[in-house]
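Chemist: Construct the complete structure from the given sequences, taking the supplied hints into account.
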Amino acid sequence: MEKVLFGDNQFFAVNHSSDEKSRAQSIRFKDDEAIIRVLDQSIETGINTFMCTTHDRIANICKHIVDNPGSYQGFKIFPCMPYAHKYANAVTELGIMGTIKQYVPGNFFSTFAKGSVAFLGKDFVKLIQILIDAEMKMFKGIETPVIFIQNVLVDLILGLKMYDVFSEYHEYIKKTYNAEPGYITMNMPALYDVLEAQGISNPVICSSINKIGFRMSGGKEIYEKYLNEKEFRPIAMQVLAAGALRPKEAIEYLGQFPRIESVLFGASSKSHIEETKELIEANL
Amino acid sequence: MIKGAVLGLGKMGLSHASIVAAQKDVELVAVCDTSSVVLSGFRKFSNISTYSDYKKMLDKENLDFVVVATPTKLHYPMVKYALEKGLHVFCEKPFMLRIEQGEEIIQLANQKRVANQVGFHNHFIGTFRELKRLLSAGVLGELVHFSGEAYGPVVTKEKGGTWRSNSEEGGGCLYDYASHVINLLQEVIDRPVKIHGSLLKSIYSKGVEDAVYSLMELQSGLTGTLLVNWSDETYRKMSTSLTVQGKKGKIVCDATEIKIYLKEASVKEGLGKGWTIKYITDLAIPVEFYLRGEEYSAQIEYFVKCIRENMQVEQNSFEEGHYTDTVIEMITNSTK
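The listed protein sequences correspond, in order, to chains A and B.
Each step along the first sequence adds one to the number in this note's numbering, with nothing skipped, and position 228 is 234.
Each step along the second sequence adds one to the number in this note's numbering, with nothing skipped, and position 29 is 73.
It is possible that part of the hints are untrue.
[Claimed, not checked] In silico DSS-like cross-links for lysine-lysine, where the CA-CA straight-line distance does not exceed 25 Å:
(1) A/K181 / A/K82
(2) A/K254 / B/K349
(3) A/K107 / B/K201
(4) A/K167 / B/K55
(5) B/K201 / A/K92
(6) A/K92 / B/K250
(7) A/K27 / B/K322
(8) A/K217 / A/K27
(9) B/K322 / A/K226
(10) B/K203 / A/K92
(11) A/K107 / B/K47
(12) A/K27 / B/K303
(13) B/K294 / A/K107
(14) B/K322 / A/K132
(15) B/K322 / A/K217
(16) B/K68 / A/K226
(17) B/K203 / A/K167
(18) B/K349 / A/K226
(19) B/K294 / B/K322
(20) A/K167 / B/K88
(21) B/K156 / B/K201
(22) A/K107 / B/K281
(23) B/K47 / A/K167
(24) B/K349 / A/K92
(25) B/K55 / B/K294
Just so you know, these hints were derived from the structure itself, not from any lab.
Given the structure is predicted, the values throughout are model-derived calculations rather than measurements.
Modeler: Have a look at this one:
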C-alpha cells in the first residue's frame with residue numbers, strides 16, 4: 007500500500023464537523039467532472055490510490071477511468087463497501103426483505119423466501135457473496151488490490167459477535183478477487199482481537215487515529231498500545247479529527263507509530279492535497 | 045452479568061442488538077423478529093436464541109431487560125407484557141400510538157420500579173446538550189423565538205407499502221421524523237402546550253404526510269416554529285437543528301456544531317462578542333463501543349448504567365416520550 011491514500015468523503019458531502027460545509031461540498035461536486043478534476047490533481051501530485059465507497063456516482067468515475075486508460079496507468083482503487091446510506095434508506099422504506107429483493111440480482115430470493123421454507127446458513131454465505139459481487143461490478147477493469155468493508159457493517163458484525171462473517175468475507179475476497187481484504191472500524195482494538203482469534207493474521211485495518219482521540223472508541227491509550235504492540239497493517243483515517251487539528255501537528259502525531267502504513271485523507275484543492283501529501287511523506 | 049433481549053430486528057433493532065451485545069458485563073441472550081431470513085442469519089452466525097413469538101421469548105428466557113424496536117403499533121402490547129414480567133424496558137420512538145396507552149404504561153412502569161427509556165437519541169449528542177446548558181445559564185437573555193427543524197431523504201418517490209405509509213400504524217413524517225424534533229425542543233427549550241396552527245403535507249406518500257409545519261407555544265409563553273420534511277433529498281441523511289433567538293443573541297445548533305452569536309461577550313461562559321462556533325469533536329460523549337454515532341451507544345450505555353446502579357432514568361424516560369406523543373396529538377387535532 008502507498009503511504010498516501012486519497013479519500014472520497016469530500017465528493018459526497020460527508021463532513022463530520024459541519025452540515026454547512028457538507029452542503030457547500032455537495033454544490034461544488036454536483037457534476038462528475040468536478041470530481042474527476044480533483045482526482046486528476048491528486049494524481050498530478052503523485053497519489054495513485056483512490057479509496058472510495060461504492061456510491062452510485064463512483065460508477066461514473068470508474069467508467070471514466072476505464073475509458074481513458076492512458077491517463078490512469080498504475081492507478082488503483084480501494085473500494086469500500088457497502089455505501090451504507092443507500093441500504094439504510096431502503097430498509098426504512100422497504101424493510102429488510104424488500105431491500106434484499108431490490109439489491110440482490112435475479113431470482114435468488116424467491117427460491118428461499120416463499121412460505122415457511124427456512125433460509126439456511128449456507129444460503130446466507132451465498133447471499134453475502136452475491137452482494138459483494140454486485141458492489142464490485144462497477145470496478146471491473148480497474149486494479150483493486152485492497153477491498154474494504156465499511157465500518158458500519160464491520161462494527162455491526164463485531165458487536166453482534168458474528169465473527170465467522172469476517173472469515174467468510176476474508177476468504178471470498180482473497181479467492182475471487184485475488185485482493186487483500188481490509189476492515190474499516192471505529193473500534194480498532196476490539197476488532198483486532200477478534201480477527202486475530204479468527205486466525206486472520208496481519209490484517210489491514212483502517213481506523214480513526216488522531217491526537218485528540220476523536221472516534222477512537224475505548225480511548226486513545228488503548229489505540230496507541232495496539233499501534234505499538236500488535237501485528238497488523240494500520241491505515242489512519244480522520245487524522246485531522248474532522249478539522250479540529252491543524253495538518254502539521256496531526257501528521258506529526260502519526261509519525262511516532264512506525265507500523266502505520268498509510269494515511270487516508272480527502273481534500274478539494276490542489277494546494278491542500280500537496281501540503282498534506284508532503285507532510286505524510288515527511289513523517290511516516 | 046445483565047441479560048437482555050431485542051424485539052424487532054429492523055434497522056434500529058439490529059443496531060441496538062449489536063450495541064447491547066458489545067456492552068461489558070451484558071449478554072444479549074435472545075432476539076425476536078418475524079423475518080425468517082434475519083433469524084436464520086442469527087442462527088448461522090451467533091449463539092443468540094431466536095424467536096418469532098415475543099411472548100414465548102419473554103416467558104422462556106431469564107431476562108433483566110428488553111429493547112423494543114418493532115413498528116410503533118406493537119409497542120403497547122410488547123412493552124406491557126415485558127413490564128408485567130418486571131423487566132427494564134428500552135422502547136424505540138415514538139413511544140405509543142394512543143395517549144391512554146402511554147398513561148397506562150407509565151403507571152405500570154412506576155409500579156414495577158423498573159428503568160424505562162425511549163430511544164430519542166438526540167439527547168445524547170454533545171452539541172444539543174451544550175445548547176441546553178447554555179439556555180439554562182441564560183446566555184441569550186429573554187427568549188423571543190425558536191425553530192425546530194429536520195430534513196432528510198426518507199420518502200423521495202411515489203411508492204409505499206410498509207407500515208411507515210400507514211398513519212394508523214404510526215407511519216408518516218409526524219410520528220416518525222417530527223417526533224425527534226418535538227422531543228428535542230420539549231426537553232432542551234421547553235414543553236409545547238399550545239398549537240396555533242399546522243400544515244401536514246403529503247408530497248410523495250399517499251395517506252400520510254411527508255412534511256409537518258406547525259406554529260407552537262411553549263409553557264414559558266415562548267412561541268416558534270416546527271419545520272420538518274422527510275422528502276427532501278438535498279440532505280444526504282437526516283439533519284436536525286434547533287435555532288433559538290433571545291434578546292442577547294442567537295444560537296443555531298445541529299448534530300455537528302453549535303453556533304453562538306452574542307451581542308455582548310459572556311465572561312462567565314468564555315464566549316466573545318459575535319460568533320463562536322463549537323464542534324462535536326470537542327463535545328461528543330466518549331463511548332466504549334461505536335456504531336453509527338456516539339449517541340446510539342451512549343443511550344444504551346446510560347440505560348444499562350441505570351439498571352446496574354438501580355438509578356431512575358432522567359434522560360428520555362417513558363414520561364418524556366409520552367409527552368411527545370401528547371404534542372403529536374395536539375398537532376393532529378390542530379389540523380382538524
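Chemist: Determine for every hint whether it applies to the structure shown.
Modeler: Outcome of the hint check:
no.	hint	result
1	A/K181 / A/K82	19 Å, holds
2	A/K254 / B/K349	40 Å, violated
3	A/K107 / B/K201	18 Å, holds
4	A/K167 / B/K55	17 Å, holds
5	B/K201 / A/K92	14 Å, holds
6	A/K92 / B/K250	23 Å, holds
7	A/K27 / B/K322	14 Å, holds
8	A/K217 / A/K27	23 Å, holds
9	B/K322 / A/K226	22 Å, holds
10	B/K203 / A/K92	16 Å, holds
11	A/K107 / B/K47	34 Å, violated
12	A/K27 / B/K303	14 Å, holds
13	B/K294 / A/K107	48 Å, violated
14	B/K322 / A/K132	47 Å, violated
15	B/K322 / A/K217	18 Å, holds
16	B/K68 / A/K226	18 Å, holds
17	B/K203 / A/K167	36 Å, violated
18	B/K349 / A/K226	23 Å, holds
19	B/K294 / B/K322	14 Å, holds
20	A/K167 / B/K88	12 Å, holds
21	B/K156 / B/K201	45 Å, violated
22	A/K107 / B/K281	23 Å, holds
23	B/K47 / A/K167	16 Å, holds
24	B/K349 / A/K92	34 Å, violated
25	B/K55 / B/K294	36 Å, violated
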